[in-house]
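Chemist: Spelled out from the first residue to the last, the chains are:
4 protein chains.
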Amino acid sequence: MLQIMKYDTGSSVETACDVQAAPMPFKLANRMSHPDDTVIEVDGRKIGGNTLAIMAGPCSVESEEQIIEVATKVKESGAKFLRGGAFKPRSSPYSFQGMGVDGLKLLKIASVETGLPVVTEVMSIEQIDYVMEYGDIIQVGARNMQNYELLKELGKVDKPVLLKRGLSATIEELILSAEYIMAGGNSDVILCERGIRTFETYTRNTLDLSAVAVLKRITHLPVIVDPSHACGKRWMVDPLARAAVAVGADGLIIEVHNNPEKALCDGEQSLRPEEFDTLVGALKGLVNIQGRVI
Amino acid sequence: MLQIMKYDTGSSVETACDVQAAPMPFKLANRMSHPDDTVIEVDGRKIGGNTLAIMAGPCSVESEEQIIEVATKVKESGAKFLRGGAFKPRSSPYSFQGMGVDGLKLLKIASVETGLPVVTEVMSIEQIDYVMEYGDIIQVGARNMQNYELLKELGKVDKPVLLKRGLSATIEELILSAEYIMAGGNSDVILCERGIRTFETYTRNTLDLSAVAVLKRITHLPVIVDPSHACGKRWMVDPLARAAVAVGADGLIIEVHNNPEKALCDGEQSLRPEEFDTLVGALKGLVNIQGRVI
Amino acid sequence: MLQIMKYDTGSSVETACDVQAAPMPFKLANRMSHPDDTVIEVDGRKIGGNTLAIMAGPCSVESEEQIIEVATKVKESGAKFLRGGAFKPRSSPYSFQGMGVDGLKLLKIASVETGLPVVTEVMSIEQIDYVMEYGDIIQVGARNMQNYELLKELGKVDKPVLLKRGLSATIEELILSAEYIMAGGNSDVILCERGIRTFETYTRNTLDLSAVAVLKRITHLPVIVDPSHACGKRWMVDPLARAAVAVGADGLIIEVHNNPEKALCDGEQSLRPEEFDTLVGALKGLVNIQGRVI
Amino acid sequence: MLQIMKYDTGSSVETACDVQAAPMPFKLANRMSHPDDTVIEVDGRKIGGNTLAIMAGPCSVESEEQIIEVATKVKESGAKFLRGGAFKPRSSPYSFQGMGVDGLKLLKIASVETGLPVVTEVMSIEQIDYVMEYGDIIQVGARNMQNYELLKELGKVDKPVLLKRGLSATIEELILSAEYIMAGGNSDVILCERGIRTFETYTRNTLDLSAVAVLKRITHLPVIVDPSHACGKRWMVDPLARAAVAVGADGLIIEVHNNPEKALCDGEQSLRPEEFDTLVGALKGLVNIQGRVI
Chain A
1 MLQIMKYDTG SSVETACDVQ AAPMPFKLAN RMSHPDDTVI EVDGRKIGGN
51 TLAIMAGPCS VESEEQIIEV ATKVKESGAK FLRGGAFKPR SSPYSFQGMG
101 VDGLKLLKIA SVETGLPVVT EVMSIEQIDY VMEYGDIIQV GARNMQNYEL
151 LKELGKVDKP VLLKRGLSAT IEELILSAEY IMAGGNSDVI LCERGIRTFE
201 TYTRNTLDLS AVAVLKRITH LPVIVDPSHA CGKRWMVDPL ARAAVAVGAD
251 GLIIEVHNNP EKALCDGEQS LRPEEFDTLV GALKGLVNIQ GRVI
Chain B
1 MLQIMKYDTG SSVETACDVQ AAPMPFKLAN RMSHPDDTVI EVDGRKIGGN
51 TLAIMAGPCS VESEEQIIEV ATKVKESGAK FLRGGAFKPR SSPYSFQGMG
101 VDGLKLLKIA SVETGLPVVT EVMSIEQIDY VMEYGDIIQV GARNMQNYEL
151 LKELGKVDKP VLLKRGLSAT IEELILSAEY IMAGGNSDVI LCERGIRTFE
201 TYTRNTLDLS AVAVLKRITH LPVIVDPSHA CGKRWMVDPL ARAAVAVGAD
251 GLIIEVHNNP EKALCDGEQS LRPEEFDTLV GALKGLVNIQ GRVI
Chain C
1 MLQIMKYDTG SSVETACDVQ AAPMPFKLAN RMSHPDDTVI EVDGRKIGGN
51 TLAIMAGPCS VESEEQIIEV ATKVKESGAK FLRGGAFKPR SSPYSFQGMG
101 VDGLKLLKIA SVETGLPVVT EVMSIEQIDY VMEYGDIIQV GARNMQNYEL
151 LKELGKVDKP VLLKRGLSAT IEELILSAEY IMAGGNSDVI LCERGIRTFE
201 TYTRNTLDLS AVAVLKRITH LPVIVDPSHA CGKRWMVDPL ARAAVAVGAD
251 GLIIEVHNNP EKALCDGEQS LRPEEFDTLV GALKGLVNIQ GRVI
Chain D
1 MLQIMKYDTG SSVETACDVQ AAPMPFKLAN RMSHPDDTVI EVDGRKIGGN
51 TLAIMAGPCS VESEEQIIEV ATKVKESGAK FLRGGAFKPR SSPYSFQGMG
101 VDGLKLLKIA SVETGLPVVT EVMSIEQIDY VMEYGDIIQV GARNMQNYEL
151 LKELGKVDKP VLLKRGLSAT IEELILSAEY IMAGGNSDVI LCERGIRTFE
201 TYTRNTLDLS AVAVLKRITH LPVIVDPSHA CGKRWMVDPL ARAAVAVGAD
251 GLIIEVHNNP EKALCDGEQS LRPEEFDTLV GALKGLVNIQ GRVI
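Residue numbers (UniProt numbering), protein chains in the order written: chain A, 1 to 294; chain B, 1 to 294; chain C, 1 to 294; chain D, 1 to 294.
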């Protein structure tokens, strides 16, 4: 029997034979050819394996004060990575598009200040050099999950790529997009479930936690969850984060803002630092009974 | 501040004022008019409050031996209710339609044998008398969630109704269907999330755990989760059940079969008794850190 | 080569062999076993074949004056059937539930007055006797498409059943629900596409005209379209009705109200009689080039 | 009353006031600020207005013989533009990725040979120079509809952009993506409905013809339909194309291959030249009664 998950989240009830029973058209990400979990290390911090990796920070970088304050706070609570957007994909050309390279520089300052590695989004091949210079993990957003030319280029860089599931991407399509990056030579891909588009309108998207269980089972890549974008409502981030940990996610990426009411983007779904602190406290109990650590 | 959930699943981060900010067109199920959790008691067993109610059993009753064996096993593992279908809604008229009243009688025998109250489905007004005679909790399936004439009649009975969310029902529509039952005089309604229909085909349906958080917040009714129908795959029941408990569900309804390979219905998603036992053991750890009991 | 459609809507480009290539689990509705179109006759009016059957009338019967006025107007414009709801399935128990048997009696009066046969909805087995007494075609609404006990009973009646597709029912599930009725002995089933539930919120539902082409190809049953419920907006009924005719639908069921602003139900999507008249005029040109008649 | 559509497809039943009633957050594409239809001219051929523009050709360019043969045939039947992919977005990195610049050169040869302007896809900013050199209309595929950096660059070119709706993009999001291009200075945007992702699996996607009616009403841009990708099945292209014309589409983009069984991509949904010829013949009757021409 192939033991496909080492810590206790319940998904190894079955032997691995039913993995074989559902052949899928991907190779490099396939757990059949790589039974052990891939564990990605950034600055000594692990993503995958027995660690729950917590990434936190504002939707957008807005100012030096803001990003340093948020970075400091989330670090104190237990976050191991700082997230923050400098290049922002917005549905409307008339919405705030992010601070661009200036924002990247502020992220770097906050990173140096706190020691937290930076997760930040890239939207085009042209921006790769910038995010490589100032960031530590390169995020591909949901809208670019099938921007194959971008994925091919990210196959050539030597930093991990955090690949978000597209709004209506199947699990198989997400893995095939990871396969584009891996086929290019970069095997450090982190998959991220962030809610899919369904008929339900109460939540911004519908968080598909079953996808996490499936991705953990049929691939060897780390899988994290973004509860903030999935629900779009501050109060829901906490229960969804707990569920994500319980189902076996390897990490969380959570929006935290020091002043959500004045946020330039996604304020409604951003936790306040004290709410984030409460959440991380609760998660420690959960990971403890799973035999994992934060 | 209105404290809307007593145990710790994180969804009371916010004050109740944002509940008011989203008025919804329902009255009797609304937490604004009934801040305390509704706790339903059946034979001294609680659904809602600080208890995690576990219902388990086969998709369909198939024989006396089968239902007694499964009932005995799930009781030993910690189930407090026996589920089993006698009237079966099947997409095709050519599929097994259930044992009917004979199946109900076998459920009653298993119930007397084990002391477990019975949860069983009703598909039409004509069947109400039968399920009232042999069952303890009356289930309305996803396909009948908007069978309003049936709901109106169930408003007149004095047993709890377990109302499953329709495959493409919004959260609001589910609550409004509960409202049909409550408006008729029966306030003992248990809501059940069992997966919604989306574009994803890897899973049978997509389990929407955010709906559980929302339903707990804006209604006072107990909310349970059916991971078996949501995923349609045995190995996924365990991680999804854990996530459901972590997000704050008041209970689980799980398919267990003593011989899934030979089940007349839904064998692929049924746990074997020993798998169910392992799962309940794991859930005890989870509810313990939430300050709840099974 | 099996000629599966006699008039010119283009869907018989291919030979029937690719119908065989996709076996589906239904028998009685299958065109493979019944190559000719089923043509249903009601009072000398045809549904199926070379006729475009137009059914029109208000969402709900509201008064004798209303239903007679609308019936008279739609008849003058070319409608061959009067639609009108007496039993209304409403999401909320607090919404207008229809006039019930009194509404059926008013429909009968309007039918006698104008000579138009009546299409009206049944929501439960208990209501079958009433709709059989006052109606000519028995409608099963989208929410009851998988109310199998109701379908089984309708298999025993000797009037045609108009079966609407459920909001998230697949094409196969719709046909299997028709199969429930046909297996009971009633082969006069009219299928109705009325929009499915998707992520798009601009329209009430998303009209799936490809389903019409598929249903015409793989079943022999007449297929009609309800553009009013599909879009939920008056101005869209006209272009969608034209598209439905172009794709090969055998009929249309359209909401018409003499005073939409004061309608008790669905006023926003009801055509005014003069708009309906304009639409039917336009449709005559379309069916003419297809070799069909209204 | 604002007459928003000049030819007869029925969507101007209502006065323009209900357009105002639904303000949407876009400016340049808004019909309120630009009541007349935008008509785009390429080499003397019109897209928009009283012309039905037909674009046809293979999914992928495969060889000089293939593209010249298909171009010649579709021109004879009435196509006014040649479509063909050189850069192909494929879900898997292991699938045929298109001939690239060599394919573009073959398209140019076929264009010179037949006089048909070329519609071809661009997948990244790097490819813009190439498609500008060899193509006449620049296509943005569904997967790149929200690749905002690409859209911004296309705002600076002086050739029309054919923008396909994303698989799960709302109508509003599609228009906002057009707005990105227009805000950059390029007002020649052609919108394309090509099917959305829903739960239905019989068809590849679900063609949303109501979107065509909406886009024609609330924007002034030409709107075309791709029935080939929407359905994924050859026999369905014909009835869906007719429905698209009936609902008011300004054009069609259709896959035609001289040997579909051997096509490197999408053979199952490609018409054979003779089938395409039959279809165009049938469409002439339809546009004739609308007061339009091909």
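Possibly wrong hints are sitting among the right ones.
When chains are identical, the list treats them as one kind, so a pair holds in a single copy or across two.
In silico DSS-like cross-links for lysine-lysine, where the CA-CA straight-line distance does not exceed 30 Å [said to hold, decoys possible]:
hint	residue 1	residue 2
1	K152	K284
2	K108	K156
3	K105	K152
4	K262	K27
Hints listed in this document are in silico derivations from the structure and should not be mistaken for laboratory results.
None of these values were measured; they are calculated from a predicted model.
Chemist: Please sort K262 with K27 into within, between, both or neither, judging by C-alpha distance up to 30 Å.
Modeler: between (46 Å within a copy, 26 Å between copies)
Chemist: Reference check for the pair K108 and K156, CA-CA at most 30 Å: within, between, both, or neither?
Modeler: within (23 Å within a copy, 32 Å between copies)
Chemist: First find the shortest C-alpha distance between K105 and K152 inside one copy, then the shortest across copies, and answer within, between, both or neither for a cut-off of 30 Å.
Modeler: Classified as both: same-chain Cα gap 26 Å, cross-chain 24 Å, threshold 30 Å.
Chemist: Up to 30 Å between alpha-carbons, please classify K152 paired with K284: within, between, both or neither.
Modeler: This pair counts as neither: shortest intra-copy Cα distance 37 Å, inter-copy 44 Å.
Against the hints set out earlier in the document, a violation occurs for number 1 only.
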